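With the hints as constraints, model all of the structure from the sequences given.
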Amino acid sequence: MLDRRYILENQEVIRTNLKNRMVQVDFDRFLELEYERRELQKELEAVRAEGNAVAKAKGLTVDERRAQGIVCKQKEGALTAKLKPVEEEAQAIYVTIPNLTYEGSPVGGEDASATIAEGKTPMRQFDFKPRDHIDVMEDLGILNLTAGAKVAGGGFYYFIGQGALLELALSRYALDYVMKAGYTPVITPDLARDSLMQGAGFVPRGNESNTYHLEDSDLNLIATSEITLVGMVADEVVETSKLPLKLAGLSHCFRSERAHGSATRGIYRVHQFTKTEMVVVCLPEDAEKVHMELRRLEQEIFDNLGIPYRVLEIATGDLGAAAYRKFDLEAWMPARNGIGAWGEITSTSNCTDFQARRLNIKYRDGQGKLQFAHTLNGTALSVCRAMIALVENHQQADGTVEIPEVLQPYMGGLKKLTPQR
RNA sequence: GGAAGUGUGGCCGAGUGGUUGAAGGCGCACGCUUGGAAAGCGUGUAUGGGGCAACUCAUCGCAGGUUCGAAUCCUGUCACUUCCGCCA
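Positions 21 to 441 (my numbering) are the ones given, in order, by the first sequence.
Hints listed in this document are in silico derivations from the structure and should not be mistaken for laboratory results.
If you're wondering where the values come from, they're calculated on a predicted model, not measured in any experiment.
Glycine included, C-beta positions come from ideal geometry on N, C-alpha and C.
Any given hint might turn out to be false.
Claimed, not checked - Ranges between beta-carbon positions, derived for each pair:
hint, residue 1, residue 2, range
1, His280, Gly388, 47 to 57 Å
2, Leu390, Glu63, 21 to 31 Å
3, Glu56, Thr116, 11 to 21 Å
Unchecked claim - Result set (SDA-like, lysine to any residue): computed pairs, CA atoms no more than 25 Å apart in a straight line:
hint, residue 1, residue 2
4, Lys95, Ala77
5, Lys309, Gly386
6, Lys170, Lys78
7, Lys200, Pro264
8, Lys104, Arg25
9, Lys170, Leu234
10, Lys76, Arg57
11, Lys140, Lys389
12, Lys170, Glu187
13, Lys95, Gly71
14, Lys62, Gln111
15, Lys435, His414
16, Lys95, Leu120
17, Lys149, Lys309
18, Lys62, Met21
19, Lys170, Ile180
20, Lys102, Ala66
21, Lys102, Tyr55
22, Lys78, Arg57
23, Lys262, Ile180
24, Lys389, Glu256
25, Lys62, Thr36
26, Lys436, Leu188
27, Lys93, Arg151
28, Lys309, Asp196
29, Lys436, Ile180
30, Lys435, Arg151
31, Lys78, Gln94
32, Lys382, Pro209
33, Lys93, Glu138
34, Lys200, Glu138
35, Lys39, Tyr114
36, Lys76, Thr100
37, Lys95, Asn72
38, Lys382, Ile207
39, Lys104, Ile180
40, Lys93, Tyr114
Below, the structure is given as structure tokens:
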């Protein structure tokens with residue numbers, strides 16, 4: 021959420037931003053409602069002040085107070101009835117107004133996002149036709165999609181043997197790597213309340229929701245541990261000495277992917293995956309620096325895994341509502357779509373104070389005043405996507421897959437994935 | 001899952017219908033005192049909204065309700081504690 025007063029005082033900034041982000045918001049209606057709301061609010065407060073004065077007045081008898089109080093109460097009731105629908109409609113529009121946008125973000129839709137850097141690993145020249153991750157992994161006996169579909173439906177999968185170990189190795193490697201940069205490892209709940217889902221920027225119910233809601237409860241399966249990590253400090257004043265608060269959550273992530281149907285083959289788009297996610301709560305003046313650190317860590321992890329990638333500066337039209345600025349890493353997946361394609365593997369967003377305002381995350385500034393903190397998030401490693409990039413890039417003509425050196429200690433020294441009996 | 005109890009400011013804690021936004025204490029800030037420090041003394045010390053300001057509105061887990069008036073009464077809900085049951 022943006023500051024309501026800021027919105028009223030910077031209407032043109034908001035209008036331009038809505039246009040750049042290609043977001044449909046009835047801003048005129050919002051302004052109309054907001055001004056009306058403020059007028060009604062003032063009237064209501066005046067009536068309340070009168071009522072309070074009557075209730076406290078020593079010169080009046082109880083009967084006199086009662087008589088005058090009832091009049092105030094009636095007026096208050098009438099005003100409240102008028103105010104409520106105005107407030108509700110204004111609020112409904114208010115929550116759809118997205119964050120401000122970094123001035124350097126390319127203006128436009130998804131296609132406008134700009135490649136601003138590339139990884140250290142060059143794209144490999146294959147002397148054979150690279151096979152896609154499904155073929156490679158199924159032949160190795162480390163992936164079983166059929167069983168996943170049988171048990172839980174499309175979009176679910178089994179990792180078996182070396183595949184299971186590979187998930188743990190990737191997750192643990194990423195966790196250890198960011199721990200060295202000062203991130204505290206955290207295991208979080210895999211479920212979260214509706215209110216937190218909304219606060220963190222995820223729609224818990226309805227058709228546009230990408231999350232699973234648990235029937236007869238106010239709980240949802242989390243789509244990322246970002247939700248539970250920021251939830252940990254929601255409604256709190258974080259001690260300034262503890263900032264920046266750097267967390268690395270390891271959790272399962274669940275996504276219903278209603279919008280995408282169930283057609284996607286393989287493990288690129290699945291309903292459940294494991295992800296190591298970084299979240300930082302910091303002072304406003306540190307946010308930009310932290311964002312660069314998140315991006316650097318993501319790059320280093322994939323450089324070390326020997327996976328070629330490019331870094332995208334995300335265009336205005338493709339930013340999430342909370343993101344002020346966002347980078348994606350896209351790995352080269354040599355067999356994707358049959359001919360090779362870039363596929364998103366990580367994403368890091370600077371949410372400025374937008375998410376903190378919604379979740380009420382504060383700190384005390386030098387004057388002792390409460391201020392909203394800034395929050396940022398970034399993927400350290402999302403297992404399925406990383407796994408695709410890894411097996412497709414490191415596959416050998418004989419069907420084996422070389423394990424990157426940094427992962428070998430986590431695989432009991434294993435250097436190659438080989439066919440399982 | 002059943003029963004009982006509790007939920008007040010940064011913290012502890014008083015407060016069961018009427019100048020209580022909230023006693024007292026701790027902590028913190030400033031001042032006095034001191035060669036310096038400690039102790040002692042004094043003053044101040046919630047958050048958000050509206051207003052240039054005086055001031056005013058809201059907030060005592062959360063949401064409703066009763067009442068002229070609610071931290072205080074009622075209902076629901078969430079959390080915590082204890083007891084019972086169940087269980088990895």
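**Request:** Assess, step by step, whether the Cα of lysine 436 is no farther than 25 Å from the Cα of leucine 188, and give holds or violated.
**Result:** holds, 16 Å
**Request:** Would you mind confirming whether the straight-line C-alpha gap from lysine 435 to arginine 151 stays at or under 25 Å?
**Result:** holds, 20 Å
**Asked** Given the hint that lysine 78 pairs with arginine 57, does the C-alpha gap stay at or below 25 Å?
**Response** The hint is violated at about 34 Å.
**Message:** For a C-alpha distance cap of 25 Å, please report whether lysine 95 and alanine 77 respect it.
**Reply:** holds, 19 Å
**Request:** Mind checking the alpha carbons of lysine 76 and threonine 100 for me, to see if they're no more than 25 Å apart?
**Result:** Measuring from Cα to Cα gives roughly 22 Å; hence the hint holds.
**Message:** Check the hint pairing lysine 389 with glutamate 256 against an upper bound of 25 Å on the C-alpha distance.
**Reply:** holds, 14 Å
**Given hint alanine 66 paired with lysine 102 - CA-CA distance at most 25 Å** = holds, 15 Å
**Asked** Holds or violated: are the alpha carbons of lysine 62 and methionine 21 at most 25 Å from each other?
**Response** holds, 23 Å
**Message:** Between the alpha carbons of lysine 62 and glutamine 111, is the straight-line distance 25 Å or under?
**Reply:** holds, 18 Å
**Request:** For histidine 280 and glycine 388, compare the CB-CB distance with the range 47 to 57 Å and indicate the outcome.
**Result:** Taking Cβ atoms as reference, histidine 280 and glycine 388 lie about 49 Å apart, which means the hint holds.
**Asked** Does the alpha-carbon distance linking lysine 104 and isoleucine 180 stay inside the 25 Å limit?
**Response** violated, 56 Å
**Prompt:** Given the hint that lysine 93 pairs with tyrosine 114, does the C-alpha gap stay at or below 25 Å?
**Reply:** violated, 30 Å
Hint compliance for this structure: hints 6, 10, 11, 16, 17, 22, 23, 25, 27, 33, 39, 40 are not met, and every other hint is.
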